[in-house]
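Chains as they are written, first to last, in our numbering: chain A, 1 to 87; chain B, 88 to 468; chain C, 469 to 769.
Careful, some of the hints might be misleading.
Straight-line C-alpha distance at most 30 Å; calculated BS3-like pairs for lysine-lysine [stated by the list, open to error]:
no., chain 1, residue 1, chain 2, residue 2
1, C, LYS697, B, LYS250
2, C, LYS697, A, LYS50
3, A, LYS56, C, LYS475
Only some residues are given here: those of chain B computed to face chain C with a beta carbon under 7 Å [stated by the list, open to error]:
no., residue
4, ALA133
5, VAL136
6, GLY139
7, GLU140
8, VAL141
9, GLU149
10, ALA161
11, GLN175
12, GLU294
13, GLY300
14, PRO301
15, GLN305
16, ILE336
17, VAL449
18, GLN453
Since the hints were made in silico from the structure, they are not lab data.
Remember, predicted model here, so these are calculated numbers, not experimental data.
C-beta: ideal position from N, C-alpha, C; glycine also.
So the chains spell out like this:
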Amino acid sequence: MEKGAIIKHDLKKAPKTGSWRYMKPEVDKEKCIGCGTCVSFCPDACIEMKKHKDDKRDKADVDYEFCKGCGVCAQVCPVRAILMKKN
Amino acid sequence: MSNSKNNNKLALTGGYAAAYALRQIEPDVMPIYPITPQTPIIETYAKFVADGEVETEMIEVESEHSAMSAAVGASAAGARTVTATSSQGLAYMHEVLYIASGMRLPILMVVAARALSAPINIHGDHSDVMGSRDSGWVQIFCENPQEVYDKTIIGMRLAEKIKLPVMIIMDGFNTSHSVENLEILDAKTVKKFIGEYNPEHSLLDIENPVTYGPLALQDSYFEFKIDQEEAMGKASGEYMKITKEYEKISGRKYSLFEEYQSEDAEKVLVLIGSAAGTAKDAIDDLRKKSENAGLIKIELFRPFPFLEIAGALKNAKEIMVMDRAQSIGSYPPLFSEISVSLRNVHEARISSMVYGLGGRDVFKKQIERILEGKFKEKYLT
Amino acid sequence: MNKDLAKKLAPGHSACAGCAFPSIVRTILGEATTPVVISNATGCLEVTSTIYPYTAWNVPYIHSAFENAAATISGVERAYLAARKKGKIKKKIKFVVFGGDGGTYDIGLQALSGALERGHNFLYIVYDNGGYMNTGNQRSSATPYGAGTETTPIGEESSGKVELRKNLMGIVAAHNISYVAQANIANMADLKMKAKKALAVDGPSFLTVFSPCTNNWKFPTSQYVAIAKLATETNFWPLYEIENGKYKLNWEPKMPKPVADFLKTQGRFKHLFSEKNKPVLAQVQKIVNEEFARIAGLCEI
């Protein structure tokens with residue numbers, strides 16, 4: 001054990017908080033306008049803007065490893081491109 | 088005392104002796120907050136800073152709670168860190184004392200031990216430091232200014248060696264404000280003895296970020312506490328090694344406790360701190376009257392040297408323990424430690440007395456009466 | 469995982485689903501142009517981000533106790549000055565404190581005041597969720613008038629907290645520090661601007677950021693941004709700065725919404741909508757109007 005409980009960040013030791021989720025955000029990539037609003041409001045830093053097909057603008061993409069399914073992304077989306085669905 | 092070439096003679100109070108040792112240590116950071124009778128230490132040190140004699144960053148915090156908190160922050164940031172306090176100040180720090188030791192931070196604190204309120208009393212006793220005896224700090228007691236000077240230097244080295252905080256304790260006023268002749272080492276010798284401080288972790292190490300003070304739950308907290316106990320267990324061995332090394336440069340010898348005429352004594356007095364001087368005088372006189380008496384003066388109170396004490400007391404028929412603190416509702420602290428030390432070892436008669444609370448003087452006559460078996464009460468008022 | 473966002477505070481923390489403070493922390497620290505060292509008061513943020521053996525913090529971080537985050541950073545900052553003097557460190561570092569309102573308005577106020585007065589180079593951020601949320605929703609001096617909490621429960625004789633929120637912004641500003649601002653996570657551009665300014669100060673600076681609490685304010689986990697937005701649109705949470713002693717309102721709604729629009733989104737104010745509590749509800753509106761007028765009155769035109 002670390003002397004004095006002094007620890008270092010190691011993502012491998014992180015609890016996978018995705019297991020908390022009972023609702024799952026799904027991005028409708030056709031509807032998404034790539035504004036990025038959802039990204040910075042996500043408490044768990046789960047959303048990235050990623051290339052989607054040949055679209056000019058990157059689209060929101062959710063990584064579910066840590067996503068707790070809070071639904072903030074769906075709520076802040078200005079075009080309702082994210083829907084919360086049963087996990 | 089030695090005539091070592093490194094020593095100079097000076098007449099200093101205990102408070103000044105502590106400040107003098109700290110000047111030679113020259114810590115990186117020293118959070119300070121005034122309280123009687125510790126204040127001369129920080130005032131003296133502040134003048135050293137003002138005169139450009141040391142480069143220490145002093146932080147004039149707004150309370151002792153913040154003094155210890157800032158000390159924790161500074162030490163976690165890799166700084167050699169010291170502070171000083173007394174009485175209510177130590178009580179106010181109480182919460183953070185456990186944090187300092189739990190994080191294994193080698194903070195050095197000089198304490199001019201004083202009574203606790205209420206009623207308020209600014210004079211010496213051990214109520215304050217006994218209140219922090221379970222906080223995970225090493226506790227080293229001093230009898231006089233010479234010991235304060237020497238043990239402040241020894242304490243800094245010990246803290247950084249074992250990664251635990253250390254308290255250097257002197258009696259408020261009796262020692263902190265009494266002038267005595269003492270020998271001091273030259274600055275270079277002290278610097279060399281203390282060495283460079285190279286912490287394992289630091290909050291300032293941006294490339295290797297660490298988290299201090301996480302939440303440890305039922306599955307891990309216990310193990311961290313066991314680890315602290317183990318580290319404390321090693322402290323007395325390290326203390327002995329360091330004092331031996333210190334003896335080489337100073338000619339002055341320190342141990343877990345001092346045995347004064349106690350080896351062949353039937354009656355042994357056990358106490359801590361400045362009253363030892365008076366007790367030694369009393370024993371000298373009694374020995375002339377053929378009373379077979381001796382003294383054991385505890386120097387290292389945490390960790391407590393149980394086995395060594397048991398060995399030292401094995402020939403004693405009567406043991407009188409004088410506490411300068413109470414544990415209201417139970418036996419006083421030193422008495423408890425001595426009783427535990429003797430458990431299963433032998434059947435000496437052991438008695439408990441409380442003296443000196445709130446700065447009450449203890450006289451040679453009183454100690455003589457104890458050793459002569461004439462004093463049968465609990466309180467030496 | 470969004471690696472860019474997770475650089476300083478990674479996911480894997482155990483904050484409630486839909487908690488506001490992870491975004492507050494990331495948004496503010498995202499504006500830092502130098503390395504940062506964090507001191508964190510005991511509270512939700514600390515407890516949820518450092519459960520052994522995992523720490524979500526990928527920057528140097530210390531948690532000591534509830535009331536001493538500002539005193540702790542004082543020591544860290546002076547250790548830095550000592551190391552710089554000795555040439556052991558050359559990089560510029562900014563020192564940052566996060567505390568909740570309990571750890572700031574109440575138990576940590578003395579340590580905060582001391583650190584502000586001494587002028588350490590640190591930014592103190594209070595994420596204000598109006599109560600002791602980590603211990604299960606007790607009233608703090610930041611709890612709004614009329615709010616029901618576990619220690620100001622609603623009953624026959626009680627309509628919630630009866631005192632007003634402590635004017636911490638005024639208290640902090642009275643230390644004559646150069647930058648003090650109140651911000652809201654829902655107004656992200658404004659928050660970023662303030663974080664940037666506050667981090668650029670060479671000395672103490674202070675931010676109060678509105679941090680809705682899904683669990684104890686009692687609203688659905690998806691709503692923190694929407695509720696925070698309403699707080700400012702109703703003038704419940706004005707956005708303003710005190711820069712070198714000068715007050716500046718950063719945004720003012722042309723037609724402020726009634727405060728009831730904000731209150732009705734949360735279970736802690738549910739009782740205010742009963743017939744009996746109509747006067748209390750009116751009083752909340754009066755307090756909001758007066759407080760906004762007071763701040764606006766201090767601002768330069």
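The hints, checked one at a time:
Taking the CA atoms of LYS697/C and LYS250/B, the gap is about 49 Å. The hint is violated against a cut of 30 Å. A threshold of 30 Å between alpha carbons decides the hint, and for LYS697/C with LYS50/A the separation of about 28 Å falls inside it, so the pair holds. Between LYS56/A and LYS475/C the CA atoms are separated by roughly 27 Å; this keeps the pair inside 30 Å, and the hint holds. Below 7 Å, beta-carbon pairs count as interface contacts, and ALA133/B has none with chain C, the closest being about 15 Å; its hint is therefore violated.
Contact between VAL136/B and chain C, as hinted, is not supported at the beta carbon level, the nearest pair being about 12 Å apart and thus beyond 7 Å. Below 7 Å, beta-carbon pairs count as interface contacts, and GLY139/B has none with chain C, the closest being about 13 Å; its hint is therefore violated. Interface hint status for GLU140/B: violated, as the beta-carbon distance to the closest one in chain C is roughly 15 Å, over 7 Å. Residue-level restraint check for VAL141/B is violated (minimum Cβ-Cβ distance to chain C is 11 Å; threshold 7 Å).
With a cut of 7 Å, the hint placing GLU149/B at the interface with chain C holds, because the nearest CB-to-CB distance is about 3 Å. The interface hint given for ALA161/B is met, as the beta carbon of that residue sits about 4 Å from the closest beta carbon of chain C, less than 7 Å. Here the hint on GLN175/B is broken, as its CB sits about 15 Å from the closest CB of chain C, past 7 Å. Evaluation of the GLU294/B hint against chain C yields a violated restraint, the C-beta minimum of about 9 Å exceeding 7 Å.
Checking GLY300/B against chain C: minimum C-beta separation of about 4 Å stays under 7 Å; hint holds. For PRO301/B, the shortest C-beta to C-beta distance to chain C is roughly 4 Å, which falls under 7 Å, so the interface hint holds. Using the Cβ-Cβ criterion of 7 Å, the hint placing GLN305/B at the interface with chain C is not satisfied: the shortest such distance is roughly 11 Å. Taking 7 Å as the C-beta cut-off, the interface hint given for ILE336/B is violated, the closest approach to chain C being about 25 Å.
The interface hint given for VAL449/B is violated, since its Cβ lies 38 Å from the closest Cβ of chain C, which is over the 7 Å cut-off. Against a cut-off of 7 Å between C-beta atoms, the interface hint on GLN453/B is violated, since the closest Cβ of chain C lies about 43 Å away.
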